[in-house]
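> Listed below are the residues making up each chain.
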Amino acid sequence: MPDFISQWLNQNDIFTVMTLLEYWNGLVTTVQLVFLSLLIGLVIALPLAILRTVRNPFVSGPIWVYTYLFRGTPLLIQLYIIYYGIAQIPGIQETFWWNIFREPFYPALLAFTLNTAAYTTEIIRGAIIATPMGEIEAAKAYGMSWMLRMRRIILPNAARRAVQAYSNEVIFMLHASAIASVVTMVDLTGAARNIYARTYAPFDAFIFVALIYLMLTFILVFVFRKLENHLLRHQRPMNS
Amino acid sequence: MKKILIAASCALAMLTGSVQAEDSIRIAFDVPYEPFEYKDENGELTGFEVELAEAMCEEMNAKCEFVIQAWDGMIPGLLARKFDAIMSSMSVTPERAERVLFSKPYYNTPGGWFAAEGFDIDVTDMDAMKDKSVGVQRGTTMDTFVTENMTGVVNIKRYNTADDMVLDLEGQRLDVVFVDYPVGEQTIKNKDGFIEIGESVKLGEGVGVAMRKRDTDLAERVNKALDTLKENGTYDAIMKKYFAYDIKV
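Line by line, the protein sequences are chains B and E. So that you can map any letter, position 82 of the first sequence is 82 in my numbering, and since no number is skipped, the others follow by simple counting. So that you can map any letter, position 146 of the second sequence is 386 in my numbering, and since no number is skipped, the others follow by simple counting.
If you're looking for bench data, these hints aren't it; they were derived computationally from the structure. Only a predicted model underlies this, so the values are computations on that prediction, with no experimental measurement involved. Just to be clear, a hint being listed does not mean it is correct.
What the hints assert, rightly or not - So the derived list for chain E, only partly shown, Cβ under 7 Å to chain B, looks like this: (1) 300; (2) 303; (3) 316; (4) 320; (5) 321; (6) 322; (7) 335; (8) 379; (9) 397; (10) 412.
Where a beta carbon is used, it is the ideal one built from N, C-alpha and C, also for glycine.
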């Protein structure tokens, strides 16, 4: 088998060691970008989702505006505004912020994080408000405070309800990250575009990268399946 | 039987008819790429290559249709028969020539270096250029030149459009831009605070009309028409409208 692979590598001029390395670097960039934005996005989304369920409109209102704005506009537009817009602010190049926003990684990370945080906020909020009234009343009857109710009753159950919708969001985010290549990042798609531009072989360059995305999605689906089995095991029939 | 005959003759008539009417050539451009192809104030497609294409079609007695196509999809679009020829500043390269059939080159412009005022580093001095950001348009001959000569030295950033690249030069994300000279002259040098630096670099054989490999008849007609235009002064007249210097090959 390795013989076959090395022979095949020697025969074609598209999948050389150099281009495979470029794909690998693209994979690393994509995984970094998606993982970090999802992680930070989730950390932001949890408190926002809880505050979004508060009755006081001065608390929930601004969060509604935020999620509405970021869910209501294309991610590509958000990325353009953050990447090109920030560079147009007069004098930004002289501040320390420029060290962060000069390279495409941080503008892309910011755009992706804010976007996924908005979607995740709404997913978690939906799961929170779907808590059966009876559970809350029972918790109240036990004399649990708001904090304790949230921690012991509402959030653990909300997590069970949210995990399926959230797994979709994670996969969408992976695929949405392909647009990072428009702001000069060499992520997986960026690597594929560079290789395509050199070889003019769109099928080879893009089908190969599509397979890598499929593989990543497969891993994500597997992980979330395990997580769902763990979180939802009380719903399985007793004898299975 | 009669019915079948009529149907068959109808089909035959349609077939031959369509062959005769097929002398409409669809030519693709990627706009804006001033001054080669762009839209004027009225939204009309114009520019050096557009006018040259019009003259060429007239010379060939062909009906031409102009199609707008983004650079990324140029060659795939041609091969997928979305259009029949590309006249969008496509430089002749061996890699491209494997997929498409090129006419004889009809112009050649050098690549030019552009930067913000005050940039005084020699672009050929690799030590001084170390870790500078250089912008190119992905898949152009300028990209190939920088990739071959400066990989590992400078930070190469590849853009889908020249517009995005110029924005990043203005935003100081790029130190230097290496771009087709007329485009740089028009979109960068004309701006306050930006200058041309170093020597422009002559790249490759020039720009040709790209067609599908099997369309050798079309290529022959295109070559003949271009030769005539170059000789009878039409080419020079169009060139003078857009350029102060000679780009004829």
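> Determine for every hint whether it applies to the structure shown.
Quick rundown of the hints versus the structure:
1. 300: violated, 27 Å
2. 303: violated, 29 Å
3. 316: holds, 5 Å
4. 320: violated, 10 Å
5. 321: Result: violated, 15 Å to nearest chain B Cβ.
6. 322: violated, 14 Å
7. 335: holds, 6 Å
8. 379: holds, 3 Å
9. 397: Residue 397 (chain E) check passes; min Cβ-Cβ to chain B is 4 Å, inside 7 Å.
10. 412: Holds, about 5 Å.
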